[in-house]
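Trainee: Following the hints, complete the assembly by docking chain B onto the known chain A.
There are 2 protein chains.
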Amino acid sequence: MKAYKDMTREELQAEKKALDAQFEEVKAKKLKLDMSRGKPSIQQLELSNEMMDVLNSDSYFLDETGTDCRNYGILAGIPEAKRLMGAMSEVDPDNMIIYGTSSLNIMFDTVARCYTHGVCGSTPWGKLDKVKFLCPVPGYDRHFRVTEFFGIEMINIPMTPEGPDMDLVEKYVNNDAAVKGIWCVPKYSNPQGYSYSDETVRRFANLKPAAEDFRIFWDNAYSIHHLYDEDNQDVILELLSECEKAGNPDLVYKFISTSKVTFPGSGLAALAASKRNLEDILKYMTAQTIGHDKLNQLRHVRFFGNFANMQEHMKKHAEILRPKFEAVLETLERELGGLEIAEWTKPRGGYFISFDSLEGCAKAIVAKCDEAGVKMTPAGATYPYGKDPQDSNIRIAPSYPTLAELKKAAEVFVLSVKLVSVEKYLAG
Amino acid sequence: MKAYKDMTREELQAEKKALDAQFEEVKAKKLKLDMSRGKPSIQQLELSNEMMDVLNSDSYFLDETGTDCRNYGILAGIPEAKRLMGAMSEVDPDNMIIYGTSSLNIMFDTVARCYTHGVCGSTPWGKLDKVKFLCPVPGYDRHFRVTEFFGIEMINIPMTPEGPDMDLVEKYVNNDAAVKGIWCVPKYSNPQGYSYSDETVRRFANLKPAAEDFRIFWDNAYSIHHLYDEDNQDVILELLSECEKAGNPDLVYKFISTSKVTFPGSGLAALAASKRNLEDILKYMTAQTIGHDKLNQLRHVRFFGNFANMQEHMKKHAEILRPKFEAVLETLERELGGLEIAEWTKPRGGYFISFDSLEGCAKAIVAKCDEAGVKMTPAGATYPYGKDPQDSNIRIAPSYPTLAELKKAAEVFVLSVKLVSVEKYLAG
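Chains as they are written, first to last, in our numbering: chain A, 1 to 428; chain B, 1 to 428.
Excised from the complex, chain A in its bound form (with noise of 0.2 Å):
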């Protein structure tokens, strides 16, 4: 294929015409299609169907210390819960808190906790003039969401498929004490699928904030989210003990859950950190609850009954998910390729593909999607206040729709993506 960019006016506009005419082909079949959300599809619900059978009327509901998981009490989750999780997490079963089946309400959470009660016995963040979180951009809109609800400032900092531009991390956090937080999602990045080189995750380790109540917010949802066997899996070093090794042991919140590997809305999800750090968080949970749902702890516990086998039900998710990222590589390569219109990444694990198109065309993009029955998540959500400042970027999210339905959906977005890159060439 020819780049648009040397095509001449009269190619440009045969070019325009044929995409105009499969455009209007494919809107006459008024499709409906979503690849707007990470949602895991039908498909992979049903894999975890069969913990529903787990707890029965004839169940035992002790856990293995003797306490009830029916009725009150245990604030921080039952030992089980924190063994699954803190494996799944990495860190020792001591370092973690269980809470209820959202890890996003648990980041909420945690900055609500930050901004009335302060961290640690700092001043509360809401006493202050100005608080300010590092925004790898482009990044989860989740995430954003959260800080801007609390006026918190947001600071764009560029990703590289090695992490975050740890210049400017570093730059800001070592010098800036408003600067209290930063969003990580270190492994299969949402929405790039990158993920953190060892030297990224050992400066953030390193870094020595300004503020004393700065923490890095890492959510690492997409840990054991692989796409392919262990060969060609990304690893990412463990942030709490190479915080603990160097010296800096209270610097992050970890969050985890397990929102894509059994129910999400129903699944667990905990939090982990440093002794100090829990010790803080849970003075607040004791005035906040009584406990969370350890039935569903149970469940969750005597489902996987240990680590290997929830890593197994992931290479189900994996054969269900890998088909489907693949379609749409392969849909942009043959369509896009060669036009020097776009850019994307090829993510080996997480939920998305990060897609570039050229300055200002992600809007029109994903408007024409939408006029063809294909819903995208919107243009600018992947930015802080929603504004892409290149109006570049668009996440695709390829896990819901079936096979069949993907393929269709990608042929719309490419088509989508000729049709506004032409027209771009066209009017400039």
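In short, the hints are calculated from the structure, not lab data.
Check each hint, because a few of them may be wrong.
No distinction is drawn between identical chains; accordingly, a pair holds when it is met within one copy or between any pair of copies.
Stated by the list, open to error - 20 Å max Cα-Cα, derived EDC-like pairs, lysine to aspartate or glutamate:
id	residue 1	residue 2
1	Lys-127	Glu-148
2	Lys-127	Glu-212
3	Lys-283	Glu-148
4	Lys-29	Glu-405
5	Lys-127	Glu-153
6	Lys-5	Glu-359
7	Lys-245	Asp-63
8	Lys-346	Asp-92
9	Lys-283	Asp-141
10	Lys-346	Asp-53
11	Lys-127	Asp-198
Mentor: Showing chain B alone in chain A's frame:
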């Protein structure tokens, strides 16, 4: 029995000698009993065991609108859960939000939201110099803990068998704009088991708060938790509709849960309020979470089918609880009747009996019980800041021990009351 106050010094000394001997005997038994918390007994938990059979791997997991309860989504709860909890809360399903598993957590969350984001656009409470809450006393320790945790000043309001002293409530609420809330357990109150009279509820609905962001925190924790049949149940007016009638629709947040209907920690918790309040809350929730556990909602809805069945289910709880309450009351009457050293309530529902000793004796009685192996709620816990100005109130929780254990515990309790009282008279 002769009242202690009418005894001569010699009679008191003889009584003390006899009681001391009894106490030594009891201590020798090395009992380990607990009347401290309102926990359902194992027998009660087993009433809901079959709820664990409701969902299994072959279940139909869609709610009535076709939403897959295994996946993300539905912020405010599935429609059938809103209907069930709406019936329990005596309001329209459209006035409901279903949360996670703990109503205490909703109350904490509500205070936290008012603190960080205000009420329907008002100044966040955290930005104000002074925020006050009214606290009917004796009351629920965990309510007081929440407001204390947010630095809210708590003002004691005496309880009567008709509800809080409404003259005082009106005086504070209608004149002091720093008064932002009041904690209420309107039915079978914690710890007295009192139910608010119709006049009390109407006076609440007709408050004219000085503060536009004043709200009534209406914790209807024991709405269907009767001990007796229909002829001997308490009924209270429904506050949300009374507020509407009074032209004050936004005055109340109602809280409810099935913690003591199904499983504490794994039940459903919900909030009821006006549409305007719900919209305000939903804005917050949109940043806070993607949605709560819909499988647990489905499990509850399918287990009960409808509210009438939930009420039937409560009769089974009553059959277990009633003999326990009656055993404690019988012991109190038999051993303390006529001594004029104590008063106590005789509830027709709820989870507690409120006991008042002679002034200055409560802490000593609880300590005596502890010495003999019977754990009681700490004296003072029923007051803000843990400070009972009379040091006389003790909350008795008869639910958790078996009937046989409870009878033993009640004997230890009355013995401790007598001993401490006789010592008071001898010292005075």
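Trainee: With identical chains treated as interchangeable, where does the CA-CA distance between Lys-346 and Asp-92 reach 20 Å or less: within a copy, between copies, both, or neither?
Mentor: neither (33 Å within a copy, 50 Å between copies)
Trainee: From the Cα coordinates, with 20 Å as the cut-off, is the pair Lys-127 and Glu-212 best called within, between, both, or neither?
Mentor: For Lys-127 and Glu-212, only the intra-copy Cα distance (16 Å) is at most 20 Å; the inter-copy one is 24 Å.
Trainee: How would you classify Lys-127 and Glu-148 at a CA-CA limit of 20 Å: within, between, both, or neither?
Mentor: So Lys-127 and Glu-148 pass the 20 Å test inside a copy (16 Å) and across (18 Å) alike.
Trainee: With identical chains treated as interchangeable, where does the CA-CA distance between Lys-29 and Glu-405 reach 20 Å or less: within a copy, between copies, both, or neither?
Mentor: within (13 Å within a copy, 72 Å between copies)
Trainee: 20 Å Cα cut-off: does Lys-127 pair with Asp-198 within a copy, between copies, both or neither?
Mentor: neither (36 Å within a copy, 43 Å between copies)
Trainee: When Cα atoms must be at most 20 Å apart, do Lys-245 and Asp-63 count as within-copy, between-copy, both, or neither?
Mentor: neither (34 Å within a copy, 50 Å between copies)
Trainee: Given identical chains, is Lys-5 near Glu-359, meaning Cα to Cα at most 20 Å, within a copy, between copies, both, or neither?
Mentor: Answer is within; shortest intra-copy Cα gap is 13 Å, inter-copy 91 Å.
Trainee: Using 20 Å as the alpha-carbon threshold, which applies to Lys-346 and Asp-53: within, between, both, or neither?
Mentor: neither (37 Å within a copy, 43 Å between copies)
Trainee: With identical chains, the pair Lys-127 and Glu-153 could be close in the same copy or across copies; at 20 Å between alpha carbons, which is it: within, between, both, or neither?
Mentor: The answer is both: 15 Å in one copy and 19 Å across copies each meet 20 Å.
Trainee: Can you give me the call for Lys-283 and Glu-148, within, between, both or neither, at a CA distance of at most 20 Å?
Mentor: between (26 Å within a copy, 13 Å between copies)
Trainee: What label fits Lys-283 with Asp-141 when the C-alpha limit is 20 Å: within, between, both, or neither?
Mentor: between (30 Å within a copy, 16 Å between copies)
Taken one by one, the earlier hints fail for this structure at numbers 7, 8, 10 and 11, listed in ascending order.
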